[in-house]
Amino acid sequence: MAQSNYLQWLAVETPTQWWHDSAIPEEIEAGLANGALGVTTNPVLTYKTLQARPEFWRDGVAALPQSLILEGRAEALLKLVATYAAKAAEPVFKKTGGRHGYALGQLNPTLATDVSAMLEMARRVASWAPNMAVKLPTTQAGLEVMEELAAAGIALCATINFSVSQAIAVSESYRRGLKRAHKNGIPVRPCFAVQQIGRLDDYLRDCAKDVKLALTEAEIAQSGLAVAKRSYEIAEREGYEAVIMPAGLRGVHHLTELAGAKMTFSLHPRVQRMILDADPKRETRIDAPVEKRVIDRLMRLPEFAHAYEPDGLAPHEFFTFGATQKTLSQFAETGWAPLEVYGSDQASSRWT
Amino acid sequence: MSEIKFLKWLTRETPTRWWHDSAIPDEIRNGLANGATGVTTNPPLVAASLAAIPDYWDPVLKDIPSNLDMSAKVEAILERVTRQAAGLVEPIFHTSGGAQGYACAQVNPRRPGDAEGMFAMAKRLHAWAPNIAVKLPATAAGLDALEECSALGITVTATVSFTLPQALAIAERHRKGLARAKRAGVKPGHCFAVVMVGRIDDYIRDVAEDCRANVSKTDIIQCGTAIMKRAAALFRERRYEAELLPAGMRGAYHATDLAGTDMTLSIHPKIQEMIAKLDGPFEKRCDVPVDAAVIKRLSAIPEFVRAYEPDGMKPVEFIACGVVQRTLAQFVESGWVPIEAVAARL
Numbered sequence: 059m060a061q062s063n064y065l066q067w068l069a070v071e072t073p074t075q076w077w078h079d080s081a082i083p084e085e086i087e088a089g090l091a092n093g094a095l096g097v098t099t100n101p102v103l104t105y106k107t108l109q110a111r112p113e114f115w116r117d118g119v120a121a122l123p124q125s126l127i128l129e130g131r132a133e134a135l136l137k138l139v140a141t142y143a144a145k146a147a148e149p150v151f152k153k154t155g156g157r158h159g160y161a162l163g164q165l166n167p168t169l170a171t172d173v174s175a176m177l178e179m180a181r182r183v184a185s186w187a188p189n190m191a192v193k194l195p196t197t198q199a200g201l202e203v204m205e206e207l208a209a210a211g212i213a214l215c216a217t218i219n220f221s222v223s224q225a226i227a228v229s230e231s232y233r234r235g236l237k238r239a240h241k242n243g244i245p246v247r248p249c250f251a252v253q254q255i256g257r258l259d260d261y262l263r264d265c266a267k268d269v270k271l272a273l274t275e276a277e278i279a280q281s282g283l284a285v286a287k288r289s290y291e292i293a294e295r296e297g298y299e300a301v302i303m304p305a306g307l308r309g310v311h312h313l314t315e316l317a318g319a320k321m322t323f324s325l326h327p328r329v330q331r332m333i334l335d336a337d338p339k340r341e342t343r344i345d346a347p348v349e350k351r352v353i354d355r356l357m358r359l360p361e362f363a364h365a366y367e368p369d370g371l372a373p374h375e376f377f378t379f380g381a382t383q384k385t386l387s388q389f390a391e392t393g394w395a396p397l398e399v400y401g402s403d404q405a406s407s408r409w410t
Numbered sequence: 294m295s296e297i298k299f300l301k302w303l304t305r306e307t308p309t310r311w312w313h314d315s316a317i318p319d320e321i322r323n324g325l326a327n328g329a330t331g332v333t334t335n336p337p338l339v340a341a342s343l344a345a346i347p348d349y350w351d352p353v354l355k356d357i358p359s360n361l362d363m364s365a366k367v368e369a370i371l372e373r374v375t376r377q378a379a380g381l382v383e384p385i386f387h388t389s390g391g392a393q394g395y396a397c398a399q400v401n402p403r404r405p406g407d408a409e410g411m412f413a414m415a416k417r418l419h420a421w422a423p424n425i426a427v428k429l430p431a432t433a434a435g436l437d438a439l440e441e442c443s444a445l446g447i448t449v450t451a452t453v454s455f456t457l458p459q460a461l462a463i464a465e466r467h468r469k470g471l472a473r474a475k476r477a478g479v480k481p482g483h484c485f486a487v488v489m490v491g492r493i494d495d496y497i498r499d500v501a502e503d504c505r506a507n508v509s510k511t512d513i514i515q516c517g518t519a520i521m522k523r524a525a526a527l528f529r530e531r532r533y534e535a536e537l538l539p540a541g542m543r544g545a546y547h548a549t550d551l552a553g554t555d556m557t558l559s560i561h562p563k564i565q566e567m568i569a570k571l572d573g574p575f576e577k578r579c580d581v582p583v584d585a586a587v588i589k590r591l592s593a594i595p596e597f598v599r600a601y602e603p604d605g606m607k608p609v610e611f612i613a614c615g616v617v618q619r620t621l622a623q624f625v626e627s628g629w630v631p632i633e634a635v636a637a638r639l
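The listed protein sequences derive, respectively, from chains A and B. Numbering of the first sequence is given in the numbering used here, commencing with residue 59 and proceeding in unit increments. Numbering of the second sequence is given in the numbering used here, commencing with residue 294 and proceeding in unit increments.
Hints were generated in silico from the structure; no laboratory data involved. Predicted, not measured: the structure shown is a model, and the values here were computed from it. Keep in mind that the hints are not guaranteed to be accurate.
[Said to hold, decoys possible] The list that follows gives simulated cross-link-like pairs (lysine-lysine, DSS-like), each with its CA atoms no further than 25 Å apart:
no., chain 1, residue 1, chain 2, residue 2
1, A, Lys-270, B, Lys-416
2, B, Lys-607, A, Lys-270
3, B, Lys-355, B, Lys-298
Whenever a hint applies, use it, and build me the whole structure from the sequences.
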């Protein structure tokens, strides 16, 4: 590579890192070659790779017994794909001494409120490979599990996370778990706190239209960004150990406006391509705030205030927040539910 | 299908009616044989019908022009599936003078905040048959569209509705639309106000687990029922023109607890099977209140209070309510998207 592209510049010249966000084998390979330091997977991405590359996964799927049904089947398929991703990321894991090089293994999204079931599944997922990070939702129940995982020295990634309040809660849970790990002499592993910036924009766009609030698209498109910048500012001030992971990017600005931060992005190949095509100016922008005028206008939307204010949501409201329900439902409908019956003659038992 | 005793009792001995909740023609015929007087569908039920009997639908769909854009193709599929349901219940529509005999057709769940877009689509859906009830979500924008439809005499079913504040807002906006229709000399349409009793139970169950609320399993399965019973009493007291349509039942208990008053139960074939096992004798239970101790325990959960109290939420909050987002996402992902996949193959 004669001249570094934007993603390579970001990874080499700035503290900003990025992970690859898909489970399709060639895409993972290309992402790692462009400087990705980890691989995000989730039930939706797992189902997509099974659909996109059936021949690649055929033997692995065929090895699953037909008696393995529903949740057991979905989990086995997640494992099949996640362990492949973990193998691909393992060199990075070794090179960085366990700071990066993880594959994410996401818990069953229908368990989002069940502490003991999530904890059990998290322990199974962590055992799949030395470099698995457990991905779990930022609900009140999920936060309890996060502390336990951190205390046990298990790497984790807090997803279903749209707000400053959630980012703070994850960082505090992780910190509590870290303290316990230190006390017990357990080697600590990292925690990544996702901020789903594009999904927040999408959700707020619908809300604004519904309540007839005349916000421009340019304003809406800065809401997730404003949340991520504020979470970062607080993380820096508090010296939080958890690393912020912006995900679900919708435009180049979602990356360029945060460039230079000590964050780790999760970038889908579509977004990687969009950024490489745009070839943006190499410039660190994390310290440039979202204009106050824009924030003031967004603040007229109560759902934005819930996401933006450090105390905008109480922990019991993380689960009931509209964007949380929308996203959990999508993960369940387009990821977990089809995995439960993939390659099986068992019918789904779900309500329509 | 053999005769279902409970449904026979319900339709003959009580003011309660029931509608069949699926889009599979043979299932609809079974429902009609057991006294159903209408058909509710939604995008996942249409998708399920397309997936269950593809050979049946192929010839019905095959002349949809392949050069239509995606949204027009999806609408054409919905039209053909809905028209079949509408045709099956049309005799009831005529014999009841338009009081019953409707088939529901739902607007695009991807646009829950777009009043103009939903209103425009509602007018197109209404034109498919004389007995279409256009399904609109009970969001602020959906309610705007509902009032506009009511003002034009279009029969509507308000869905994505789980809470008492939503049921009351539906009835109020319908009343406004009716007044406008009367002033303009337009023949009024009906309005059916859905309360998805099973879905609110499912949602509150998760919420209760997350916040470790001290409620039992039997408390949880009375959430939707409690909301419905309170809605029925308020609808009667306020003499609303809108009619309640409890839907999304999860067990025979939802039907038996709500039987006996002037409303319409939407009953899926799976629930019909559960009900078929009931032997009787049956009693009218809708006016029997949910135990006060149960309500008290449930009321420790803020989401239940928002759903149960008449002023628990304002209309601008409906779209942000967790269960609304959960259900809209399901309607899109397991309904609209699979129908788009069928459309893409045309």
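| Which of the stated hints cannot be reconciled with the structure, identified by number in ascending sequence? | 3
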